[in-house]
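Under the numbering used here, the first residue of the sequence shown carries the number 84, and numbering increases by one thereafter.
Note that these hints are calculated values from the structure, not bench results. Ideal Cβ placement from N, Cα and C applies to all residues, glycine included. One or more hints might be untrue.
Simulated restraints, written as ranges between beta carbons of each label pair [stated by the list, open to error]:
| # | residue 1 | residue 2 | range |
| --- | --- | --- | --- |
| 1 | A807 | I198 | 48 to 54 Å |
| 2 | P642 | A909 | 31 to 37 Å |
| 3 | V312 | L230 | 15 to 21 Å |
| 4 | D320 | Q841 | 38 to 44 Å |
| 5 | A616 | E207 | 38 to 44 Å |
| 6 | E647 | E845 | 25 to 31 Å |
| 7 | V618 | P642 | 56 to 62 Å |
| 8 | S162 | G254 | 25 to 31 Å |
| 9 | A290 | E907 | 32 to 38 Å |
| 10 | A909 | Q841 | 49 to 55 Å |
| 11 | F96 | R370 | 42 to 48 Å |
| 12 | L86 | V618 | 42 to 48 Å |
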Amino acid sequence: MKLAAFCGQRPVFTVMVTLIAVILGLNSLDRLPIDLMPEVDYPTVRISASYEGAGPEEVESQVVERIENAVAPVAGVESIESTSAEGQGDVILSLAWGTDLDAAANDIRERIDRILPNLPDGVERPRLRFIDMSDRPVMVLGLASDLDPIELRRLAEDRVRDRLERIPGVGSVDIWGGLEREIEIAVDRGRLQAVGLALEDVRSALADADFEVAAGTREEGRHERGLRVPGRVTDLDTLATVVVGRGEDGARIRLADIAEVRDTHERETRRIRVDGVQGIRLGVRARTDANTVETARALRSEIEQLREDMPQIGLLVVRDTAVYIERSMANLGRTILFGGVLALLVMLAFMRDFRAAAVAGVAIPVSLVTTFTLVYFAGFTLNLMTLGGMALGVGLMVDNAIVVLESILARRERGMPAYRAAVEGTSEVAPAVTASTLTTLAIFLPLIFLEGLAGALFSQLAWVVGFALVASLLVAFTVVPMLAARLPQQRRRGPPRWYKRLEWGYRRLLSGALKQRGAVMVLAFSVVALAMALVPRLGTELMPDTDEGDLRISFEWEPGISLEFMDERMQQLEQQVLEHVPEVEHWDSSSGTGGFRAGGGHTSRIDMALVPLTERERSTEEVADSLRREFANEVPGAEVRVRARGMRMMRGGAGADGEELSISVYGYQRETLDQIAKRIESLIEGVDGITDVSFSMDDSAPEERLVIDRVRAADLNVPVTRIADTIEAAVAGARAGLYRAQGGEEVAIQVRLAQARQIEMEELLDLTVPSGDGEQIALRNVVDVVDGESPLTIERRDRQRVTTVVANIGERDLGSVVADVRDELAGLPLPRGYGWWIGGEYEEQAEALRQLTITLMLAVLLVYMVMASLYESLRNPFVVMFTVPFAGVGAVLMLWLTGTTINAQSFIGIIMLAGIVVNNGILLVDRANRSLRAGAPPRQAVLIAGRRRLRPVLMTSLTTGLALAPLAIGFGEGAEAQAPMARSVLGGLISGTLITLVVIPLVFTLMHRRRGGVVAGN
84 MKLAAFCGQR PVFTVMVTLI AVILGLNSLD RLPIDLMPEV DYPTVRISAS
134 YEGAGPEEVE SQVVERIENA VAPVAGVESI ESTSAEGQGD VILSLAWGTD
184 LDAAANDIRE RIDRILPNLP DGVERPRLRF IDMSDRPVMV LGLASDLDPI
234 ELRRLAEDRV RDRLERIPGV GSVDIWGGLE REIEIAVDRG RLQAVGLALE
284 DVRSALADAD FEVAAGTREE GRHERGLRVP GRVTDLDTLA TVVVGRGEDG
334 ARIRLADIAE VRDTHERETR RIRVDGVQGI RLGVRARTDA NTVETARALR
384 SEIEQLREDM PQIGLLVVRD TAVYIERSMA NLGRTILFGG VLALLVMLAF
434 MRDFRAAAVA GVAIPVSLVT TFTLVYFAGF TLNLMTLGGM ALGVGLMVDN
484 AIVVLESILA RRERGMPAYR AAVEGTSEVA PAVTASTLTT LAIFLPLIFL
534 EGLAGALFSQ LAWVVGFALV ASLLVAFTVV PMLAARLPQQ RRRGPPRWYK
584 RLEWGYRRLL SGALKQRGAV MVLAFSVVAL AMALVPRLGT ELMPDTDEGD
634 LRISFEWEPG ISLEFMDERM QQLEQQVLEH VPEVEHWDSS SGTGGFRAGG
684 GHTSRIDMAL VPLTERERST EEVADSLRRE FANEVPGAEV RVRARGMRMM
734 RGGAGADGEE LSISVYGYQR ETLDQIAKRI ESLIEGVDGI TDVSFSMDDS
784 APEERLVIDR VRAADLNVPV TRIADTIEAA VAGARAGLYR AQGGEEVAIQ
834 VRLAQARQIE MEELLDLTVP SGDGEQIALR NVVDVVDGES PLTIERRDRQ
884 RVTTVVANIG ERDLGSVVAD VRDELAGLPL PRGYGWWIGG EYEEQAEALR
934 QLTITLMLAV LLVYMVMASL YESLRNPFVV MFTVPFAGVG AVLMLWLTGT
984 TINAQSFIGI IMLAGIVVNN GILLVDRANR SLRAGAPPRQ AVLIAGRRRL
1034 RPVLMTSLTT GLALAPLAIG FGEGAEAQAP MARSVLGGLI SGTLITLVVI
1084 PLVFTLMHRR RGGVVAGN
């Protein structure tokens, strides 16, 4: 081989080029960003709109439906989901994978801009937010102090958030809890009526007094002077003197005459406690292109500086996701190291020469380090997929070097000169080694073109492993021959005694199998059939759960419950939970509503961060199961749900707390939807593995509807909008301008009745509203009061109402649970126009497994086509392809024995097997063909091939298998994500190697029926 001959003659050149590649790789490694998973541009957009004071039905009809109709024609939209709650509406667009998200976002913004004039005046401009896998905060902080809660909130917004957001890599800082300052104009109802004014008069007067006018410029000689008319209220005493009207005698009526001006805070809707202390929670989100670990390190440094600069506050890191990432990457690094050491020990056991084993082993570090260059220049991150791919390929990287070195050493042992042995030994196996590498690479080609979530996750793995294999092939053809040619000539040593006995046993086994060829083939294919029958028992899921030590327990109280009651009950529950979970490191609790999602005003939750996995005996899921048993039906007035919050790949369509199972019921009438949902809830509660069942519309809040009589209002010349505005201002309050405090802080001024939340209905109806004629008309003359109920939330999908039944999954895989759920719901009678579908994570799982199945078929086809092209034969590649089903036997058995499901990771391992196990078949068939061309009959050819290729086959299989063993065991943080892939490959390698050594020779003789005897002893 010319390449091997060139490198053998130019050792310095070869070493220098190799060192250049290694140095580039090390430099790239130092610059690589670190993250948990590859960056995924999830094609989901959330549009949030706030409509303060509006009920769910008003939000649905006046905001959500209009947004849905506006964005429905956007190119790439596959489904539209929405949630309407009190004062908040969310519309979620699911776009097709591959959609240009920037273009889609611009189109959405343009369409929303067109409907802004049609939205009610109180609606804030809708906000767009992309949902992706990195949407969770990288760090959650707790802020507590003895300061006034208003001052603490201001400090968090003005100083802490500003300093954190200036850190490179930080995208935003969300703040929950605390009290926001507000200037309240508490109007006395009696005084207001006594002076003959309406609330709208007060609000209008205050709004007119809040102005800032630039009046142009005036020339004075050579200069121009700007004119400005300041009107902003900067003093509360001045605000109290604002004239809001005149009495019948023409006397001025000041604000202080009818109202009290209070410097207070907005209504508290959420209460936060961190480690038992009431305070504020901050969620720090990283930019999508940021290095999560580096960002977290910079945050930790800034937090220490903040503690020094502001000793009056306590700043605590409640959860730091970068810690889990760092531990996972360190664990994977150790796995790669252990795998490399085990591969080296295998080579030492066979070669019994440390220097020879080191020559082959040099392929591992050179290939690994060189691969970091690709990772850097391709824009990838160092994550569980890229680093996991390297761990998976450690054994593969040395396979080519082993085969080449074996061929060279065989010639050296026969007395051939070193340089000639290196060149001829490499040339002999070069076609087989190239073919085996190309077939392995062929399986990664379909992975690169995968669509959807699976493609976003596994394309980087395919590139990394593929590049590492190409690097290992180059090392095998360049560095290995060069170094092997310089190994000292040693006394010829035969194989170790244990190998001789193994080889003798294998020859007897193969000879016996050739005599009983039909029976052996029937037995082999019976084993394949039994393994295939075992597949349905494995279960399916999208991705394996990971133990990140993140746990949430949620409490849903009866609608309309007060924040004070929830907080009081939560203080008791927090202590009970902490007594039951000694593994907790930090925790925070939340009661009430707020944030980006609609609804949730009657819910509470406790989020716990457990100590690292190596420091506790129970897994997060075991802790969750224990809490379910402890709190099931033990909290009066609350529905309790517990969830271990692992690395979930898909949450679209699931519950607000991220439940795994989601069943949506669609139709028209809310009452009918509720009845069907309750029936579904009762049917699936008995399904094994289902926990925490609930549905979204099972609660309604009592309400009093003030229905405006439009005919009477028209007769009295009272605009209906003025009536509605008066009622809103009386209870909820109406914004009447801004108060500019010291330091430039702008505080909202709200006008409402004093003690508005405790007002009696009769008192409310006594309020007056000015007519167009200037008369004061009592509300009772134009309003009727009707008692009713209002849903807490209204959910829609594809522009029709739905009810969503959600549940968590425990101790069973999602695929098996869904199959049982379908059986339970198969006979459910439904009215015409109503139906149900299973969505959430299951939708993404079904699509991912469908694409991976197609990828597996394409991979097998490509492997065959590559071999056929290389061998210019259709028959010999067909013989080699018999290794694939026998490898599947081991993969299925390994998954079944270890309790591993068929998920995206294990499926990728099975796909990789198709390209890995054929390598052994290639070595056997290639050597048997050489014997055939030399004139040997088929049976003798396979016996010679078996004897000559047994050692390289065992060495390559053992190095690959043992290198995977640490990963397959799945010990340590983050290992659960890669263990299914390693287990399927390891199991397939074991069965593929053992069965291939016997079955492939038999198939070869069946495909080559030339007559001939068997030479004993060969």
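Q) Of the hints given before, which are not true for this structure? A) Numbers 1, 3, 4, 5, 7, 9 - these are the hints that the structure violates, sorted from lowest upward.
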